[in-house]
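Residue strings, one per chain:
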Amino acid sequence: LAKTTQPISMDSYEGQEVNITCSHNNIATNDYITWYQQFPSQGPRFIIQGYKTKVTNEVASLFIPADRKSSTLSLPRVSLSDTAVYYCLVGDRGSNDYKLSFGAGTTVTVRA
Amino acid sequence: DVKVTQSSRYLVKRTGEKVFLECVQDMDHENMFWYRQDPGLGLRLIYFSYDVKMKEKGDIPEGYSVSREKKERFSLILESASTNQTSMYLCASNSGTLSYEQYFGPGTRLTVT
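Residue numbers (this note's numbering), protein chains in the order written: chain A, -8 to 103; chain B, 305 to 417.
Hints in this document: simulated from the structure, not taken from any laboratory.
Check before you lean on any hint, since a few could be wrong.
Some chain B residues flagged as far from chain A (calculated, every beta-carbon gap over 10 Å) [what the hints assert, rightly or not]: (1) Arg377; (2) Asn388; (3) Ser391; (4) Thr415.
Below, simulated DMTMM-like cross-link-like pairs (lysine to aspartate or glutamate); rule was C-alpha separation at most 25 Å, straight line [unchecked claim]: (5) B:Lys307 x A:Asp73; (6) A:Lys60 x B:Glu405; (7) A:Lys(-6) x B:Glu360; (8) B:Lys361 x A:Asp83; (9) B:Lys307 x A:Glu49; (10) B:Lys361 x B:Asp330; (11) A:Lys45 x B:Glu405; (12) A:Lys(-6) x B:Glu405; (13) A:Lys60 x A:Asp83; (14) A:Lys(-6) x B:Asp342; (15) A:Lys43 x B:Glu405; (16) A:Lys(-6) x B:Asp363; (17) B:Lys307 x B:Asp332; (18) B:Lys375 x B:Asp355; (19) B:Lys322 x B:Glu376; (20) B:Lys359 x A:Asp83.
Partner residues are not named here, just some residues of chain B that face chain A (Cβ under 10 Å, in silico) [stated by the list, open to error]: (21) Val308; (22) Met392; (23) Cys395; (24) Pro410; (25) Gly411.
We put the CB at the ideal spot given by N, CA and C, even for glycine.
Could you build all of it, start to finish, from the sequences and the hints given here?
In structure tokens form, the structure reads like this:
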């Protein structure tokens, strides 16, 4: 698994857009970028995955530049309920190595 | 919707007791996982199973064992609980073709006194 670096914490206010950048300088050709969200006292939840350019779903958008050495998770118009820890993972989703390695993640706190 | 359930949300056990944590998934997933989560250490993989009766050690298997007798059920066993096994335990499952999309249960907060 490629090593990832992301900020420890971020603060925001309701209605703002939150962007969390993850660095993964040694990403391999077959690696995908995956983000999970974890609310307090709950298990992590898969939110989005991408390989290059942009991916969007009902929860978030994921922006990946051409060199793929970083990626940005974008949460549009956050609400208090988006307060959570967000984890960035990078790895070959087609491999037989099923192990996920979660780091400390980014704690996002949304204030009223 | 995928559902992963764990037998207890909170558990308190004494040092030396044998502890069983049960996990059940309802999506016919081949793979099941047990993690523990501790502040500052993130999630760490204890064991995983890619088929019935098959298991693989994760990063921190010492002091733990697992059992998978049926496809939908994966049990974590603490042979002799110790205080350093106080933690949040999370079970997850996925299909073999979705390596990075895992579905997690709500977790079991285990306290060993």
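* Which of the listed hints are not met by the structure? -> none
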